[in-house]
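S.K.: Here is what each chain is made of, one letter per residue.
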Amino acid sequence: MIVKLSFESIRETKWSEYATRFVFGGVVTMLAGLIADKFGPEIGGLFLAFPAIFPASASLIEKHEREKKGNQHGRRAAGVDAAGAAMGCIGLMAFAAAAWKLLSRLMLWEILVLATCVWIVSSVIAWIVRKRVL
Amino acid sequence: MTHELVLRFVIGGAVVSVFAMLGGALKPKSFAGLFGAAPSLALATLSLTVTNKGSAYAAIEARSMTLGAVAFFLYASLVCYLLLRRKLHVLGTTALSLIVWIACALGLWLIVVG
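As they're listed, the protein sequences go chains A and B.
FYI, the numbering for the first sequence is 1 to 134, going by this note's numbering.
FYI, the numbering for the second sequence is 135 to 248, going by this note's numbering.
The hints are simulated quantities; they were obtained by calculation from the structure and are not laboratory data.
Just so it is clear, the structure is predicted and the values come from calculations on it, not from any experiment.
Do not take every clue at face value.
DMTMM-like mimics (lysine to aspartate or glutamate), calculated; alpha carbons at most 25 Å apart, straight line [to be verified]:
#  : chain 1 : residue 1 : chain 2 : residue 2
1  : B       : Lys161    : A       : Glu8
2  : B       : Lys163    : A       : Glu8
3  : B       : Lys187    : A       : Glu110
4  : B       : Lys161    : A       : Glu17
5  : A       : Lys14     : A       : Glu67
6  : B       : Lys187    : A       : Asp37
7  : B       : Lys163    : A       : Glu67
8  : B       : Lys161    : A       : Glu12
9  : B       : Lys161    : A       : Glu67
10 : A       : Lys38     : B       : Glu138
11 : B       : Lys163    : A       : Glu17
Partial list, derived from the structure: chain B residues whose beta carbon lies under 7 Å from chain A [claimed, not checked]:
#  : residue
12 : Val184
13 : Ile194
14 : Tyr209
15 : Trp235
C-beta: ideal position from N, C-alpha, C; glycine also.
Take these sequences, add in the hints, and give me the full structure.
M.R.: As structure tokens, this is what we get:
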């Protein structure tokens, strides 16, 4: 299956929907910092992988697909997105493990670049493997 | 403190929005879903954490984040099953299942670290 970039969906998304994601993302980032301050980095770190904007994103995906193709398609699109997110989580684990192991060894910008590469490569490999197996 | 919180809000909101926009532009949907688990929060806060609290503190956060990511995997798999097989309501399912993420993340933390 070929991966495509379509700017049409960006144009279709309303500004209010972007604002919703911005506010959710901002609030959760703030909360993760506050939790780390209150309970320490061990608990705070858990929340760096909190799927906070997932419900908002999934319901926006469902809404867009429902408007285009009907009720069943909306729920299915959100479910398929969740399947992709599960594969992305494998990359997220790899990102966190890379950052953990590299933090005391490299410069910050090197860690960010390397860990992001680790995330994208492992996520894509997980996605390809899942596509071939299932 | 307030300054740092505002900075976290702005940077976090911006990074999350960029990944959401990128995910929205990609097809097929299952590939776009990868961006639903992008390391947005970590990318937004890692620089601030290292600058304010040091690398050792950030490394402890990153170690815990691996467990949070395992919990996210379980959460996303459950949501996928409930939406595709049980045909439940999207917002209700994704929001209520966050309880599963919290239980799994804290449970894993207790088993591995605590």
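S.K.: Each of the hints needs a verdict: does it hold here or not?
M.R.: Verification of the supplied hints:
no.: 1; hint: B:Lys161 to A:Glu8; result: holds (11 Å)
no.: 2; hint: B:Lys163 to A:Glu8; result: holds (14 Å)
no.: 3; hint: B:Lys187 to A:Glu110; result: holds (19 Å)
no.: 4; hint: B:Lys161 to A:Glu17; result: holds (19 Å)
no.: 5; hint: A:Lys14 to A:Glu67; result: holds (14 Å)
no.: 6; hint: B:Lys187 to A:Asp37; result: holds (10 Å)
no.: 7; hint: B:Lys163 to A:Glu67; result: holds (16 Å)
no.: 8; hint: B:Lys161 to A:Glu12; result: holds (15 Å)
no.: 9; hint: B:Lys161 to A:Glu67; result: holds (18 Å)
no.: 10; hint: A:Lys38 to B:Glu138; result: holds (15 Å)
no.: 11; hint: B:Lys163 to A:Glu17; result: holds (18 Å)
no.: 12; hint: Val184; result: holds (5 Å)
no.: 13; hint: Ile194; result: holds (4 Å)
no.: 14; hint: Tyr209; result: holds (6 Å)
no.: 15; hint: Trp235; result: holds (6 Å)
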